[in-house]
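> These are the residues of each chain, in order.
2 protein chains.
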Amino acid sequence: MRASFSESSKVIEKVLGYSFRDPSLLEEALTHRSVAVGRRSYEVLEFLGDALINLFVVDLLLQNFPQSREGQLAIMKAFFVSEDFLSQLSQELGLESLIKMERRRKNISSSILADVFEALWGAIYMDTGRDLNTTRDLFFKNYGERILQVVKEGSYRKDYKTLLQELTQHLWKTRPTYRLIGTEGPHHNRIFEVECQVGSYRAVGKGKSKKEAEQESAKKLYELILSSEGSADQTCG
Amino acid sequence: MRASFSESSKVIEKVLGYSFRDPSLLEEALTHRSVAVGRRSYEVLEFLGDALINLFVVDLLLQNFPQSREGQLAIMKAFFVSEDFLSQLSQELGLESLIKMERRRKNISSSILADVFEALWGAIYMDTGRDLNTTRDLFFKNYGERILQVVKEGSYRKDYKTLLQELTQHLWKTRPTYRLIGTEGPHHNRIFEVECQVGSYRAVGKGKSKKEAEQESAKKLYELILSSEGSADQTCG
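Chains as they are written, first to last, in this note's numbering: chain A, 1 to 237; chain B, 1 to 237.
Don't read these hints as lab results, they were simulated from the structure. It cannot be assumed that every hint is accurate.
It does not matter which identical chain is meant; a pair holds if it fits inside one copy or across any two.
Derived DSBU-like pairs (lysine-lysine); straight-line CA-CA distance at most 35 Å [as the list claims (entries may be wrong)]:
| hint | residue 1 | residue 2 |
| --- | --- | --- |
| 1 | Lys141 | Lys211 |
| 2 | Lys211 | Lys152 |
| 3 | Lys173 | Lys206 |
| 4 | Lys219 | Lys14 |
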């Protein structure tokens, strides 16, 4: 097992273009608390990595979209620091097979995948002797193009409920609420109508499921807020 | 006006121990959108500064409390990146008198004070030519001791409703709810009883006002969660 970890970790180091001076940091980043008896699990490095990646993404976006408004930047950022995106990077890097956790847990959740990816960056920062510039440049070298490509394709605009919540949390530290306000049509072909509301903003969406109607209402409200935000001093919540 | 801004900004530069190469960045950091016609307001620099300060605080705490658990670190961090704390630093630095905004707005809110403090650090980072190490070291030099002193005194544990919310958002991405469950005593000496709940956790607090009872219930729930957190894989919300 030990040999295999060390070999696989070499693959990761090769992909990232970074060799750990202190391999125990990499090991800590990949150790789930279920097996961390008497040694450190990844939580603290994850806490650090979360703050690092958050900053690196903001910095990258600002460098490349200096004319964007803060609201737009916040939406992009929300996607790139999301569990969805980070767990994807984690998987691509092959971290899944390296995570040390209790064997009875068969499925490694995307939350854990994202956590260890963050922890990996916390570990790299520690390993460089706390050199922020070096760590940032390595992150950009590995993920800069990739992130900018996603922005270009617009594929960061995926899930409107998530986007809307990120936006309203960001603007007013509050969340939207959803309410089923009606259904129509026969049982096998029902149309759901959902109202989404936050502060003085509201929008109604329809769909073939409650979920679809919620997404539709979130999309409308999201666009409504984006188009009003900044034009007036709206307060809310 | 111009001369006075330039003079006052020199005072700030002296206090911080940093001279701007490009003073227009400092000016941008202090420009509210109410007067930002045809020029940039502080929002984008604030967005950057928020990510910077978040990371610097995490890094400082980790350096000084390497044995702390992640939950404890998260609570400390929540205080040091809060509007309360940052607006205080902003005021001490004398930023209030330098903010450019519409005159009709007489009271500069603590939210705006905190925003410009964040924007100031965004501006410094940009001004260094994006040198993260230099910006971090300057932040530590100015606020490192101060932050560690607050931790030592324990005075970051102030407002339990805020602390609890930060904790539950952090752990489970959810917020506690408060419910008035009873009052007792005569009108002039009423005791309020509030229940605070999140997921499967609940606690009841009493107080001479609803607010006091909420704080009491938040304190109890906060301590309850802290003592259970980590000992089991609690899920919630």
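> Decide, hint by hint, whether the structure agrees.
These are the hints, each one checked on the structure:
no. : hint            : result
1   : Lys141 x Lys211 : neither (38 Å within a copy, 51 Å between copies)
2   : Lys211 x Lys152 : within (28 Å within a copy, 48 Å between copies)
3   : Lys173 x Lys206 : both (27 Å within a copy, 27 Å between copies)
4   : Lys219 x Lys14  : neither (41 Å within a copy, 48 Å between copies)
Checked against the numbered hints above, the structure violates hints 1 and 4; every other hint is satisfied.
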